[in-house]
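*Asks:* Please model the complete structure; the sequences and the hints are all you need to start from.
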Amino acid sequence: MRHIRVGDLMTDEVVSVVSVTSFKEVAKLLAQHDISGLPVLDDEDRVVGVVSESDLLSRQATGHPVTGDAPDAATRTSSGAEFTAAEVMSTPAVTVHAQETAPEAARLMTRSGVERLPVVDDEDRLVGIVTRRDLLRLFLRSDAEIRRRLVEDVLEDTMGLGPSAVTTHVVDGVVTLEGRLENRSQISVLTRLAEQIDGVVAVVSHVTAHTDGPVPDSPPCAAHGPSAEP
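Just so we're aligned: the sequence shown equals residues 2 to 231 in my numbering.
Take these hints with a grain of salt, some might be off.
[What the hints assert, rightly or not] Keeping only pairs whose Cα atoms sit at most 20 angstroms apart, straight-line, the calculated SDA-like set for lysine to any residue is: (1) Lys25 with Leu58; (2) Lys29 with Val19; (3) Lys25 with Ser55.
[Said to hold, decoys possible] Have a look at the derived ranges for each label pair, beta carbon to beta carbon: (4) Ser91 with Asp173: 30 to 38 angstroms; (5) Asp35 with Thr159: 39 to 47 angstroms; (6) Asp122 with Gln33: 22 to 30 angstroms; (7) Thr192 with Ser55: 36 to 44 angstroms; (8) Ser20 with Gly114: 17 to 25 angstroms.
If you're looking for bench data, these hints aren't it; they were derived computationally from the structure. Beta carbons are placed, not taken as given, at the ideal position from N, Cα and C, and that holds for glycine.
*Replies:* See below:
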């Protein structure tokens, strides 16, 4: 089955800062670009952390506490010097690779409790950023496109069934399946695969089976490239 990849959804023009960027400049960039966070890079464009609005507010609310990364923080605060991005960022940064699937990125966001993921290459250099809003675009996929994926990717390519083996209806992302298959075990396989299609909200199955037996061997799946269709 084909899933939309992070690289298909990410923004490749990323607002970022370096470790020595001042607290005030970070706040200015967040407001200017109407974003809630941005990655912090080292001299080789590797992501070393992320600064969010909550990081800045937390630092302000706690009165610029001294951190292990900033042994001279108290001295600089009293003298009016500004903190840097390195001293307020969250680290290590939670990142993702462009070839990972959108569902994998969504699960990573949920587990980590973050709203954005810097996208990095194999050497951890920044190549883009993907946000929760980007991932929500998956649910804007048309019903016709979801049905086409279901027929071509699931029924034909994966399960080796004809397009008329099961009647499929898709309304507002809800898939309804009707028909009769040879084996009962095929029903759970079909339902599970349908649920994994990008953009599917729910699956309702009215499929029945003639017998209860093993799922027949599926033919090899054709090689597909990542889809960029929303």
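*Asks:* Now look at each hint and say whether the structure bears it out.
*Replies:* Here is how each hint holds up against the structure:
The hinted pair formed by Lys25 and Leu58 meets the criterion: a straight-line CA distance of about 12 angstroms does not exceed 20 angstroms. Of the pairs offered as hints, the one joining Lys29 and Val19 holds, with about 14 angstroms between alpha carbons and a cut-off of 20 angstroms not exceeded. Proposed proximity of Lys25 and Ser55 is supported: the alpha carbons are some 14 angstroms apart, at most 20 angstroms. Under the hint 30 to 38 angstroms, the C-beta atoms of Ser91 and Asp173, about 37 angstroms apart, fit the expected range.
Taking 39 to 47 angstroms as the suggested C-beta distance range, the pair Asp35 and Thr159 conforms, at roughly 42 angstroms. Taking 22 to 30 angstroms as the suggested C-beta distance range, the pair Asp122 and Gln33 conforms, at roughly 27 angstroms. Between Thr192 and Ser55 the beta carbon distance is about 39 angstroms. The supplied range of 36 to 44 angstroms therefore holds. At roughly 24 angstroms, the beta carbons of Ser20 and Gly114 sit within the given window of 17 to 25 angstroms.
Violation of the numbered hints given earlier is absent; every hint is satisfied by the structure.
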